[in-house]
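**Student:** So the sequence lines, in the order shown, correspond to chains A and B. Numbering-wise, our numbering puts 252 at position 252 of the first sequence, and it's gapless, one number per residue. Basically our numbering = 1-based index in the second sequence + 418.
Any given hint could be a false lead.
Residues from chain B that keep clear of chain A, each with C-beta distances beyond 12 Å, as calculated [stated by the list, open to error]:
(1) L426
(2) Q441
(3) N464
(4) P469
(5) S614
(6) L750
(7) G755
(8) G769
(9) A820
(10) N845
(11) A884
(12) E898
(13) L900
Covered stretches of chain A, going by a simulated chain B footprint (3 or more residues, C-beta under 8 Å) [claimed, not checked]:
(14) 275-283
(15) 296-305
(16) 322-328
(17) 333-339
(18) 373-385
A few chain B residues that don't get close to chain A, going by computed Cβ distances all over 10 Å [said to hold, decoys possible]:
(19) A457
(20) V516
(21) E522
(22) G581
(23) R712
(24) L714
(25) R849
(26) L1027
If you're looking for bench data, these hints aren't it; they were derived computationally from the structure. Note that beta-carbon positions come from the ideal geometry of N, C-alpha and C, so glycine has one too.
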Amino acid sequence: MRRWYQQLDFLSVFVWLCLCACGLVAIYSSTHGEAQEFLLSTVQNSFQRQLMWLGISLIAFVGTLLIPVNLLTRLAPLIYISTIVLLIVALVIGREVSGARSWVYIGPYGFQSSELAKIGALCMCAYLWTSRLELQKIFHRAGLIAAILVLPAMLIVLQNDLGTTLVFAGLIPVLWLCNGIPLRIVGVILIFPIAGYLAIIHWMIAVGFIAVVGLVAWVGTRDFKWIGVGVLASALTIGMATFALNYVFQPYQVDRIVSFSNPEASEFRSGVGFHLVQSKAALGSGGFWGHGFKQGSQTQGRYIPEQSTDFVFSVIGEEWGFVGSVLVLLLFASLILRLIWLSQSIEHPFATCLICGVAGLFLIHVVINLGMVLGLLPVIGIPLPFFSYGGSALLTNSILLGLALSIYMRRSELSLYR
Amino acid sequence: MTRVRYTLFNSTVISLVLILILQLFRLQVVEQHDHSEVAHGNALRNIRVLPARGSVYDRNGSVLVHNLPKYTVTITPKYFDESYIPRLSQHLGVEDSVVAHRLESARKRNPYQPSPAFSNVSFEQYSRVIEDSYLLPGVGAVIDQRRNYPSDARMSHALGYIGEINRDELHTMGIDADSALYRQGDYLGRTGIERSYEPWLRGVPGIARRWVNVYGVEVMSYASGHGDQQPRHYYDIHLGIDSDVQALAESLFVNKRGAVVALDPNDGSMIALVSQPDYSLELFDDGVQGDSWRALVNHIDKPLYNRATMNFMPPGSTWKPFMALFALSEGLLGEHGHEATIPCKGYHPLGGGKVFRCLGEHGSINVLDAIKHSCNTFFFEIARRMDISAFHDYASQFGFGAHAPIDLLEQTSGLIPDSSYFGSLPNYLQRTSMMNMGVGQGDMGVTPLQLARYVSAIANGGTLHASHLVTHLANPETGETLPVPDLPDPAELQIDTLHLNLVREGMRLVMEEGTGVMAQIPGIPSGGKTGTAQAPGDMTDHSVFIMFAPFDDPQIALAVQCENTGDGSQCAAPIASLLAEQYLKGEVPPSWRTDIRMQRALSATSQLLAIDDDL
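Using the sequences provided together with the hints, build the complete structure.
**Tutor:** Right under this line is the structure:
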């Protein structure tokens, strides 16, 4: 029998390291180009700091791999509770950074409590499979999973960090899917964000979506009750979204929500659309092959706000072009798909919940972040995993990956807890 | 977890990634052109590279005008936050309100472009701003050139000043706002050779394409500088001016108004061009400030006015050599004009001894002696005999009454009456006026420049050269030299050599035995003629003098006007003589003659002009 560390999935590790390396290249390029001398001194150090964080993350990754599964399952509630406590601590004594009061400082070293909360929540959901809780009724499990995710999500809303809240909300359908919740329920919950999104884009597409929902429900269930639920849910969502946009929200809020579809419009381009216009200009000017390392005019001229954090992908897009962007996307896709495949090869509910949860988390981050950078979604500030400058996110994502790979590595021990 | 769920999960991942890839394809491949345009518009600037304005050198190669670096701090209002004001004002050593004010004007001009907010800051201030530029987004600095005048010779009127071009001028010049040639705020020669040689001094601006960052700071060259246009074609200008002569002339004019024009009679190049009082060109370095400008414009002595080319006044007796040549060539003195005499009883009989008076009783006097003794009666008589049209034509031949060919644009034509001028006057008044013109008084005016060209033609045997300050232009990079552009050919005057020599001889006698005797150059024979131009009202007369030297091989011809200082031998003659000596010898060696000339030149003062109470 192979030793436990020989079971490590080196493909995932390789893809992960490739992503981290690409991220570092992007940050290096945007801080060490010809224009370096014109940067703020704090920005000039971004690369070094990120490199340091990558080192810490590597150590944490290896450390995570060393945690035995039985210890993890026992610690899960403790981890969850401590991350919740941290969120509360951040709310009370935390420091506000770019609008979100989610930073906890120990001396000069700060980290984002909302990032660590992701670990806690995922562990807790997986823990449900190992506990002695009576969860024969599938709706109990669904409710409990939702509750586990909604609690930190609400605290993060209080911290004024909408992006991370959305990540937690997005985890609900993913974890339901992985935890055997009936697909029709997962489907219904997915209707709300999709219908809402389409309502923002165009009412005709939204109306078309109602028909699609009805059709899918018919094909999937052959049950008029579910067709009714689906159609009603989508129609209600569209109606409420339209009503809210027209009568509830303030004009500036509406602008922020709808501007992504047309950021070049004269009323948006210097205001709420500014980020997007710049980001699209950078990406688009990259063309097929890109301008090359440290050659992007928009990157070097710092025209894209937050270009080493939330908008870091614009650097890749401008300097490495369509080729580089697609390559990065494929790296992400292969990491996520690989994780799902690993989960499938274990076939153990605890592992499935955790590994697919991690894969889902990465997917949500990538889709929301790139959707925003590419102008498909409203501007919502969440980082691109392994790319965006920021230690907490890099550390959290590395630990999450470590957890997933650790479980896969120790899959032989898992049967004990089935 | 069932297989279906895995398939659903996997296909969700794949379809979401496909959507993202499709959008990437749209942005980066399909719409690449549009987005590139936005990106270029953001970050690509065409930056003009102005060639350094040409330098100016004198006859001996000394620098008269060159450029020094000028440091300007710019503000791009869009990126400049008002919270930076205290830091910037501290670096520049000005009040916060000054910075706020400049910010406001910059914002009015164009909030997106860097506009010069503080020009001519010191190198120390410039360095402090540059060192802290990362803390001062929107603040930039440019180094360009400012004019510097290292010579002792001020030459305000000959060199001229430069000034910022404004929108209206651009409009009248037919230059649109985006032209690279001139833009609002560029410097443009306003007077003097800075004006007349503007295209050569300025050259053609080049264009450099640069990537600028979000703060408007240049960060990279575009395409490694390929496609940049280098600035072209500017020339250094070499003048015929001898800066030592010029400086001496300016120093001799203390407390005087007046002008000097000194020409090289061999080619018409200008050795000195003085107009006093003058002004400091450095006042215009940074765009003349309102108060200084008003003071210059409103000053009663008119310092901005180029007396050497624009001040016309009667020539006084310096006109007599001209009248002699005129009389001889027109035959007004009869068959053997050079021997013919006219009786002088101390006055011309016309007007009964009170009107047309002479300086003395010269008896029967011929041309030569008339010039030597400056006999008014003789020239009154010539004027009585002359035909006004012939007089006008002859004067025109010498360049009087018309703009002289010269590479300065500030000029007046002077006044030589012709037959139509007196048309409305009664006959006796016409006669009186004409008689006065015989001795260079009355209703006529010549400029110092015209006088100098006239004496220069007498000196060189009858060639009237086009005058020019500039001797040649030189491209400092290629070494290519250009002659003076559009220089007209010299005109040969129709003068009998015999007549000319007679007049020259008369002028020599003036210097050796006549009114110019105190203005002789030790060791160098010369020709000259004093003049005293009557000033209107009860003002002191103007002192006028023309001169050339050395007599046998003239190298310099001068005309000097000193306003309201008395007769010609008192002020104008010693000045002309000292300048000629300086030019010919390279110095003015001490001697008793030097002392006398210096004393006479320096002690003369222009009678102060009365200031109207209304002003």
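**Student:** Please list, smallest to largest, the hint numbers that this structure does not respect.
**Tutor:** Hint check: 1, 2 and 19 fail, others pass.
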